[in-house]
Structures are given as C-alpha cells and as structure tokens.
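Trainee: If you want the building blocks of each chain, they are given just below.
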Amino acid sequence: MNRSEWPLWEVFIRSQHGLAHKHVGSLHAPDAEMAVKNARDVYTRRNEGVSIWVVPSAEITASSPGAKEPMFDPANSKVYRHPTFFPIPEEVKHL
Amino acid sequence: MYAQMVETGAKRLRSLEEMSPEERAFQERIDADVRIEPKEWMPEGYRKTLIRQISQHAHSEIVGMLPEGNWITRAPTLKRKAILMAKVQDEAGHGLYLYAAAETLGVSRDELIAELHAGKAKYSSIFNYPTLTWADIGAIGWLVDGAAIMNQIPLCRCSFGPYSRAMIRVCKEESFHQRQGFDIMMKLCAGTAEQKAMAQDALDRWWWPSLMMFGPPDADSVHSAQSAQWRIKILSNDELRQRFVDQTVPQADFLGLKMPDPELKWNETHGHYDFGPIDWEEFHNVIKGNGPCNRDRLRVRVEAWENGAWVREAALAHAQKRAQRAKQAA
Chain A
759 MNRSEWPLWE VFIRSQHGLA HKHVGSLHAP DAEMAVKNAR DVYTRRNEGV
809 SIWVVPSAEI TASSPGAKEP MFDPANSKVY RHPTFFPIPE EVKHL
Chain B
176 MYAQMVETGA KRLRSLEEMS PEERAFQERI DADVRIEPKE WMPEGYRKTL
226 IRQISQHAHS EIVGMLPEGN WITRAPTLKR KAILMAKVQD EAGHGLYLYA
276 AAETLGVSRD ELIAELHAGK AKYSSIFNYP TLTWADIGAI GWLVDGAAIM
326 NQIPLCRCSF GPYSRAMIRV CKEESFHQRQ GFDIMMKLCA GTAEQKAMAQ
376 DALDRWWWPS LMMFGPPDAD SVHSAQSAQW RIKILSNDEL RQRFVDQTVP
426 QADFLGLKMP DPELKWNETH GHYDFGPIDW EEFHNVIKGN GPCNRDRLRV
476 RVEAWENGAW VREAALAHAQ KRAQRAKQAA
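Protein sequences appear in the order of chains A and B.
At position 94 of the first sequence the residue is numbered 852 (this note's numbering), and the sequence of numbers has no breaks.
At position 196 of the second sequence the residue is numbered 371 (this note's numbering), and the sequence of numbers has no breaks.
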C-alpha cells in the first residue's frame, strides 16, 4: 500500500428503527470522523439509514474460509434445535 | 461495455478433467451458482481478470462524470441542475463501490488509479465523445445509462460476491439515470422545432457509439468463453446489443425521432430489429486513444488527482496529529 493512502473502513448501516446494523461496503478515509461523513455520502444518498457505524478494516477478525467445515458442520447434526423436529398432533393448539 | 474486451490470459478453455483438484472444486462451485468470496482460493487468472474488469468498470464511472459535469453549470433550470448534480454524484458513488470491490482482490485503489492515469488501464470508449449541447445529457442518460443497465443487470448474478453486491447497488440507482435522460428527451421533443432538432442531432451522434459500448462480436473469443465459464460475463456482446436495440427503437418512435440507420427494420421472422453494420474501425481507434476526447479526459483526471494531493495529505497529517495527541493525553 502507498504510504499516503487513506486507511480502509468497513461501513455498517441501520436501515430503520428496530433492525440491526448491516455491512454495506467499505471506503477510504483519513480518520473515523471523516469515515462517517464519507459513508453518509457514499452509502445513504436515498434514505438507506438512520445510523452509521464505521470500523477500521484492519481491526476486523474473521473466521477462516478454509475452516468452514469444522466451524459450521457440527450444527448440521443437531436438527432438534429446530422446532419442526418435534411432531405435534394437529388437535393440539398454540404450540 | 463499461468493461470492454477484458483479457483473461486464457489460450483455450479447459475441461474439468484437465484442471488441478483445487481449480476443479472452484469451477464446480461456480457451476453450482455458489458465490466466490475474496479470502477463498481462486485461480490466479480469475483474480487478475476480475481486477482488470472491475477496475475498468470503476474507471468508466469516474471518467463518465466528465462529459456530464460539463453541463452542470449550464443546465437550463435549477431543477435540472440539481438532478444532474445528483446523477453525477451517483456516478462517483458507483466508482467507489467498484474500487472497493476490486480492493478485496488484494490491489489498492491508488494502484488502480495510477494505472488509469498512466494510460495503462482502459475505460469505456463511450466517454471519449464530446457533449456539445444540452440534448447530449438527455441522450447519455437514455442511451448510455440504458446500455449500462442492460449489461449490469446480468452481472448482479456474477460469481464474485463483492462485484455482484456492487452491481445490485448500482442497478438500484441506475434506473433514475435512464429515466432522467428520457425525460430530457421528451421535453425537447415536445418543444420548439429547434429543440426537437437538437434532440435528433444528439441521437444521431450517440446512437452508434452506444451500440459500440457492448464491444465487438465475441461469440468466438476465447476470453469471452473463459469469462463465461467463470460467470463474470453472463451474456455475449451481440446478445446484449440486440436486446438494447429491441428495447430502444420503440422509445425513439415514441419520441418521434428517427434512428440514424437506414438499414434498421423489424424482422418478423426473428422477432428482432435488424440493424446496419457498426464501424469497428472507429471503435478500435477510440480504444487506442484516438477518439475525439481521449487526451482531454485523461488530462482532466490527472490534473484533478494532482491538484487534490495536498488535501489528501493534509487530511492524513491532521488525523495522525490528533491520534498522536490522544495517545499523549492518555
């Protein structure tokens, strides 16, 4: 990376009251304050959000794509975590 | 298109049997319509081709601001001026989404911009034509953005996650661009004889360059076949061009304008419009840097970059100073 290039930030937007912030993309900015201002111009030109978070991209720790199986496969065998696992007689209501 | 004639480095298409186990697993995921994400394994050719394609696309968005920016101060009303500013601002946003998508492939935005400024990276041929009258702003929105949508909608389903997501965002915004262009054309065509003549003149000048945007016929191109196998190109240049002609001719009829093509006519048998031959020599000339505005576009870009250098440096120095002070205070 060029010495004078602005660092990269990840941008999260909360679209409306009650929903969680969602990752929408990234941008370059010299500091956090400018990152929020740039995010407003780049990612909320059409009322996409009511709140913005910015996080330095370098600060994000991600799970390894190569370790997908050991990470996520164990959940596959635990089908009883889903309510549909349990058959309920039709005459029983509110369950 | 916004990315024209993208090289893939491929000499010929290889079958699954000829691929290494990693590459084969990669191709099978693409065939199963699974999105590829930046940190996952990918063939070097796929990575390089995508950097080339996405950066060309980004450069086109940024250089594309110049022909339209030319008319912001001379827009006929305050309303048109506000609309055009919003449109040009969107193009800047589209360029930024795309540079960010390219950066996930391990290249920096500054490197990509340096390649553009050195004349090493391409951008769409269409932006090397001049905007001589206000009607050109109408024609660009209607035709150029119309052609861009035609190309970008299929790319929303492309195999690379960040590119696909950027295209989805861009397509949501692009339809406003096409409509504002058609709106300008409608207004001119309902105006005085001079205004209608201005609209016709803009169509005459922009029609053929718009058809060239899709690039030369590529049915037999190994690069296009490779890009199709990787699902970073979904439809052939000629397919997209035909769709664009079929959709645009009735719109010109509605405006009461005449397409500048004596051979254009509805083909009952095929259910498509037939159209005359495209001047590919002109296209290749523009790509090589000899279009009406190539030198001017690049010069303006380089000047904007150089004149803005002190702002980028000052903002960074300010941020570093504040970070330093916060550290000392702690």
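Bear in mind the hints are in silico, worked out from the structure with no lab data behind them.
Quick caveat, the model's predicted, so the values are computed rather than measured.
Mixed in with the good hints, there may be bad ones.
Unchecked claim - Dumping the calculated DSS-like pairs for lysine-lysine here, alpha-carbon to alpha-carbon at most 27 Å:
#  : chain 1 : residue 1 : chain 2 : residue 2
1  : B       : 214       : A       : 780
2  : A       : 826       : B       : 214
3  : A       : 780       : A       : 826
4  : A       : 836       : A       : 826
5  : B       : 256       : A       : 795
6  : A       : 795       : B       : 433
7  : B       : 295       : B       : 223
8  : B       : 256       : B       : 223
9  : B       : 463       : B       : 371
10 : A       : 795       : B       : 502
11 : A       : 795       : B       : 186
12 : B       : 463       : A       : 795
13 : B       : 347       : A       : 780
14 : B       : 440       : B       : 186
15 : B       : 186       : B       : 295
16 : B       : 297       : B       : 223
17 : B       : 186       : B       : 256
18 : B       : 371       : B       : 256
19 : B       : 362       : B       : 463
20 : B       : 223       : A       : 826
21 : B       : 371       : B       : 440
22 : B       : 254       : B       : 347
23 : B       : 297       : B       : 502
Unchecked claim - Derived list of chain B stretches under chain A, where covered just means 3 residues or more per stretch with a C-beta under 8 Å from a C-beta of chain A:
#  : stretch
24 : 277-288
25 : 390-404
26 : 487-493
C-beta: ideal position from N, C-alpha, C; glycine also.
Trainee: The structure should be examined with respect to each hint, and the outcome stated for every one.
Mentor: We went through each hint and held it up to the structure:
1. A distance of roughly 20 Å separates the Cα atoms of residue 214 (chain B) and residue 780 (chain A); the hinted pair therefore holds under the 27 Å criterion.
2. Taking the CA atoms of residue 826 (chain A) and residue 214 (chain B), the gap is near 12 Å; set against the 27 Å cutoff, the hint holds.
3. A distance of roughly 22 Å separates the Cα atoms of residue 780 (chain A) and residue 826 (chain A); the hinted pair therefore holds under the 27 Å criterion.
4. The suggested pairing of residue 836 (chain A) with residue 826 (chain A) holds, with an alpha-carbon distance near 17 Å, which does not exceed 27 Å.
5. A C-alpha spacing of about 24 Å is found between residue 256 (chain B) and residue 795 (chain A), which places the hinted pair at or below 27 Å, so the restraint holds.
6. For the hint pairing residue 795 (chain A) with residue 433 (chain B), the CA-to-CA distance comes to about 46 Å; that exceeds 27 Å, so the pair is violated.
7. Proximity of residue 295 (chain B) to residue 223 (chain B) is assessed by CA-CA distance (about 15 Å); at most 27 Å being required, the pair is judged to hold.
8. A threshold of 27 Å between alpha carbons decides the hint, and for residue 256 (chain B) with residue 223 (chain B) the separation of about 40 Å lies outside it, so the pair is violated.
9. For the given pair, residue 463 (chain B) sits about 34 Å from residue 371 (chain B) by alpha-carbon distance, which is inconsistent with the 27 Å threshold.
10. Among the hinted pairs, residue 795 (chain A) with residue 502 (chain B) is consistent with the structure: their alpha-carbon atoms are about 24 Å apart, no more than 27 Å.
11. A threshold of 27 Å between alpha carbons decides the hint, and for residue 795 (chain A) with residue 186 (chain B) the separation of about 46 Å lies outside it, so the pair is violated.
12. Between residue 463 (chain B) and residue 795 (chain A) the alpha-carbon distance is near 39 Å, which puts this suggested pair outside the 27 Å criterion.
13. Between residue 347 (chain B) and residue 780 (chain A) the CA atoms are separated by roughly 18 Å; this keeps the pair inside 27 Å, and the hint holds.
14. A threshold of 27 Å between alpha carbons decides the hint, and for residue 440 (chain B) with residue 186 (chain B) the separation of about 38 Å lies outside it, so the pair is violated.
15. Between residue 186 (chain B) and residue 295 (chain B), the direct Cα distance comes to roughly 22 Å. Compliance with the 27 Å bound is thereby established for this hinted pair.
16. Between the alpha carbons of residue 297 (chain B) and residue 223 (chain B) the distance comes to roughly 15 Å, so the proposed pair stays at or under 27 Å and holds.
17. Of the pairs offered as hints, the one joining residue 186 (chain B) and residue 256 (chain B) is violated, with about 49 Å between alpha carbons and a cut-off of 27 Å exceeded.
18. Of the supplied pair hints, the one linking residue 371 (chain B) and residue 256 (chain B) holds, its CA atoms being roughly 20 Å apart against a limit of 27 Å.
19. Taking the CA atoms of residue 362 (chain B) and residue 463 (chain B), the gap is about 36 Å. The hint is violated against a cut of 27 Å.
20. Our distance criterion of 27 Å between C-alpha atoms is met by residue 223 (chain B) and residue 826 (chain A), whose separation comes to about 25 Å.
21. With a CA separation close to 23 Å, the supplied pair residue 371 (chain B) and residue 440 (chain B) stays within the 27 Å bound.
22. Between residue 254 (chain B) and residue 347 (chain B), the direct Cα distance comes to roughly 22 Å. Compliance with the 27 Å bound is thereby established for this hinted pair.
23. Between the alpha carbons of residue 297 (chain B) and residue 502 (chain B) the distance comes to roughly 44 Å, so the proposed pair goes past 27 Å and is violated.
24. Look at the stretch 277-288 of chain B against chain A: 5 of its residues bring a Cβ nearer than 8 Å to a Cβ of that chain, three or more, so the hint holds.
25. Closer than 8 Å: that is the beta-carbon criterion, and the stretch 390-404 of chain B has 0 residues meeting it against chain A, so the requirement of 3 is violated.
26. Check result for the stretch 487-493 of chain B against chain A: holds, 5 residues qualifying (beta carbon to beta carbon below 8 Å, three or more required).
In the structure shown, a violation is registered for the earlier hints numbered 6, 8, 9, 11, 12, 14, 17, 19, 23 and 25, in ascending order.
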